[in-house]
Amino acid sequence: MDHDSRAMLLETADRFFTDRVGKDVVNGVEKGQWPADLWKEIEEMGLPLIAVPEEKGGAGGTLADMLALLRLSGSHAVPVPLAETALANLLVAAAGGSPKPGPATLALGDLKFSGGRLAGKADRVPFASVADRFVTVVGTTLAVVAKANARVEAKPTHAGEPYGTVSFDNAATDFSGASAVSAERTLELAAVMRAMQMAGAADKVLATAVEYSKQRVQFGRPISTFQAIQHMLAELASCVAATIAAAEAAARDADEGGLKDGGTFSIAAAKSQASEFAQRIAALSHQSMGAMGFTHEHILHHYTRRLWVWRRDFGSETFWGEKIGAAYAKAGPQALWEGLSGSKYAA
Amino acid sequence: MSIPKLEFPPFHLPPEAEALRVEVRAFLKETLPKLKSEDRFASWNTFSPEFSKALGAKGWLGITWPKKYGGSERSFLDRYVITEELLGNSAPAGAHWVADRQSGPLLLRFGSEEQRQAILPRITRGECYFSIGMSEPDSGSDLASVRTRAEPVPGGFRVNGTKVWTSGAHRNHYCIALVRTSGQHGDRHKGLSQLLVDLKTPNITIRPIINLAGRHDWNEVTFSDAFIPESCLIGNEGDGWLQVTSELAFERSGPERFMQNFYILRELVRVLGRQPAKRASAILGRLIARLWSLRQMSVAVAGMMQNGKSPAIEAALVKDLGTIYQQDLPEIARALVESEATTEDDMADFLDVAQYATMMAPSYTIQGGTTQVLRGIVARGLGLR
Chain A
1 MDHDSRAMLL ETADRFFTDR VGKDVVNGVE KGQWPADLWK EIEEMGLPLI AVPEEKGGAG
61 GTLADMLALL RLSGSHAVPV PLAETALANL LVAAAGGSPK PGPATLALGD LKFSGGRLAG
121 KADRVPFASV ADRFVTVVGT TLAVVAKANA RVEAKPTHAG EPYGTVSFDN AATDFSGASA
181 VSAERTLELA AVMRAMQMAG AADKVLATAV EYSKQRVQFG RPISTFQAIQ HMLAELASCV
241 AATIAAAEAA ARDADEGGLK DGGTFSIAAA KSQASEFAQR IAALSHQSMG AMGFTHEHIL
301 HHYTRRLWVW RRDFGSETFW GEKIGAAYAK AGPQALWEGL SGSKYAA
Chain B
1 MSIPKLEFPP FHLPPEAEAL RVEVRAFLKE TLPKLKSEDR FASWNTFSPE FSKALGAKGW
61 LGITWPKKYG GSERSFLDRY VITEELLGNS APAGAHWVAD RQSGPLLLRF GSEEQRQAIL
121 PRITRGECYF SIGMSEPDSG SDLASVRTRA EPVPGGFRVN GTKVWTSGAH RNHYCIALVR
181 TSGQHGDRHK GLSQLLVDLK TPNITIRPII NLAGRHDWNE VTFSDAFIPE SCLIGNEGDG
241 WLQVTSELAF ERSGPERFMQ NFYILRELVR VLGRQPAKRA SAILGRLIAR LWSLRQMSVA
301 VAGMMQNGKS PAIEAALVKD LGTIYQQDLP EIARALVESE ATTEDDMADF LDVAQYATMM
361 APSYTIQGGT TQVLRGIVAR GLGLR
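In order, the protein sequences belong to chains A and B. Note that our numbering has the first sequence beginning at 1, numbered continuously upward. Note that our numbering has the second sequence beginning at 1, numbered continuously upward.
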């Protein structure tokens with residue numbers, strides 16, 4: 001997509017999410033109400049097909065276009081698997097398949113594929129209970145399994161999103177093909193996707209806390225005029241800034257690397273950074289908003305709870321940190337600066 | 001809802017800058033003097049005229065300045081890469097640091113032709129070093145309250161007052177002093193001017209101020225009826241405040257804000273060995289990820305500046321977060337090494353450097369604008385004041 005088309009798409013999507021993803025919709029999903037109308041409209045806008053080639057009915061956008069949209073979806077707590085479906089569709093199309101309508105998700109875990117069938121278990125699968133199909137990459141094969149052929153144990157997250165454990169018992173596949181993307185790369189793409197959603201959520205947390213501080217009056221003046229609050233919000237801004245800068249840089253690198261690439265250091269670093277600061281962002285925003293922000297009534301928790309859950313999705317700071325640390329330790333002190341300045345694993 | 005938009009558009013340093021990096025790296029590999037670890041650690045506070053002259057000979061000081069003043073008219077991003085490489089390799093960049101970073105650009109912007117011709121080529125050769133004469137005993141964060149007075153007299157100014165925390169004044173050639181040339185104390189921003197002060201001027205006394213780590217970087221510079229010629233006024237009389245605030249904004253977001261103690265991180269990698277335990281790897285990796293993120297913020301700000309924008313808030317955020325990172329680093333490293341070091345000797349050596357790093361850490365969030373002053377700037381940017 002050229003610059004203008006992307007800007008237009010993001011603007012349209014922003015307006016749409018503002019209109020249609022209200023507090024009630026997000027709370028409804030937490031109570032187990034699937035927002036079928038919302039999903040239908042999202043599909044009508046073509047958003048889940050943003051990074052699918054035009055000849056396969058998609059919008060022909062790049063990975064970067066998709067990630068920009070998902071950052072935006074994060075800043076609206078869009079409570080449907082738009083991110084998961086968009087990435088799954090991209091992977092299916094790249095493996096020669098044709099994405100189908102309906103919500104999909106990624107089932108990544110210790111799985112085996114043989115004789116056209118899938119076996120094993122994937123934990124913490126986002127939106128497992130509402131997905132029509134599960135997409136995975138095992139070795140060099142991409143496989144799609146319909147929900148009828150999988151067993152889902154619902155384990156909603158503390159953010160109220162319908163995650164679950166998905167078991168495949170020699171499950172028949174709807175589609176399988178040579179994956180354009182390695183299993184390692186699939187995890188990386190999922191991680192940068194989540195990091196961008198975290199950047200969006202972080203942005204929204206900052207905006208929410210800043211706005212609240214200007215409205216809330218105590219001791220006869222808006223609390224934004226108190227230096228204690230100002231400094232807290234400035235610190236919050238610095239944590240949000242790091243999350244955004246890291247995620248955006250990783251998104252750029254992921255896009256430049258394309259599907260084939262693997263071992264993109266900046267994705268590991270960005271997910272580690274986003275996950276590491278999730279707590280500080282949540283803590284500072286809640287502290288600045290007092291009891292009001294701790295209520296279920298307020299929307300702040302839609303974002304802070306997601307940050308707390310998302311930091312573990314597709315690798316926490318411990319997971320990615322370990323990968324980075326092990327590589328840098330192995331390469332030794334002389335390689336440290338060269339690795340860092342080159343945005344790559346030290347070697 | 002009006003949302004404060006923070007943007008850090010990812011930016012690639014251009015190929016010329018990356019090519020320069022390769023050259024600088026090769027040069028440093030050959031040229032870096034053997035230094036004790038405390039001096040490597042201190043990097044841009046370590047004074048080495050030989051090293052600065054060698055850099056100058058390569059054309060890497062004042063690299064962005066016009067050729068007629070000894071510069072190379074290269075981009076600000078080339079300079080960014082040189083700065084990064086000096087810090088990434090813990091080079092002793094203290095002699096030329098302030099001159100190249102701050103004083104030279106100030107003279108280029110506001111100085112007279114005579115001042116530029118006299119000074120700038122010497123800076124680019126690595127022969128002329130500067131101190132900053134802003135703070136006073138009663139003027140720290142509140143810089144507008146300076147009391148040092150420069151009273152106009154025939155042919156120049158008679159200066160009386162005291163500057164403090166004047167780094168390197170005992171060995172540098174010049175200091176740029178913020179002084180009151182007209183009006184009264186209490187006039188705040190009005191009536192201030194900047195003077196180019198030769199530190200060998202009679203009636204200037206320089207006394208050491210030793211910091212808590214026992215190091216002599218700072219000085220107290222006292223003017224007692226010191227005569228400063230009129231030709232040493234920088235810019236216009238009364239424009240000092242405007243000039244000094246633009247000087248403070250120079251590269252608030254540069255690599256020195258998060259790489260000042262980079263040496264500790266490299267030492268940590270060394271002491272953890274090639275195959276640390278999983279937990280140690282994870283902690284190391286998280287530190288590396290945080291530093292990388294700061295670099296992405298900083299490079300993004302550099303990119304915006306190169307494209308003609310003035311991302312003041314974003315730049316302030318880099319300094320706030322970067323200096324706090326530098327304070328966390330020795331603490332996290334210390335705890336990690338105490339539980340993971342392979343040998344007692346390694347541990348003892350490392351903990352010695354880490355202890356030094358810990359002692360230096362309070363300075364990071366004070367120098368160049370305290371964290372609290374910066375947060376005030378950010379709060380204004382967020383529309384809170």
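There's no promise every hint is true.
Selected chain A positions facing chain B (Cβ under 8 Å, derived; list incomplete) [what the hints assert, rightly or not]:
| id | residue |
| --- | --- |
| 1 | S238 |
| 2 | G290 |
| 3 | F294 |
| 4 | I324 |
| 5 | S341 |
Source of the hints: derived by calculation from the structure; they are not laboratory data. In this text, a Cβ means the ideal position worked out from N, Cα and C, and glycines have one as well.
Closer than 8 Å between Cβ atoms is the bar; does S341 of chain A clear it against chain B? Give me holds or violated. holds (6 Å)
Can we keep the S238 of chain A interface hint, with Cβ of chain B closer than 8 Å? Cβ of S238 of chain A sits 4 Å from chain B, so the hint holds.
Was the hint right that I324 of chain A lines chain B, CB cutoff 8 Å? holds (3 Å)
Can the hint on G290 of chain A be confirmed by a CB-to-CB distance to chain B that is less than 8 Å? violated (16 Å)
Given F294 of chain A was flagged as interface, is its beta-carbon under 8 Å from a beta-carbon of chain B? At 20 Å from the nearest chain B Cβ, F294 of chain A fails the 8 Å test, so the hint is violated.
In this structure, the hints that do not hold are numbers 2, 3, in rising order.
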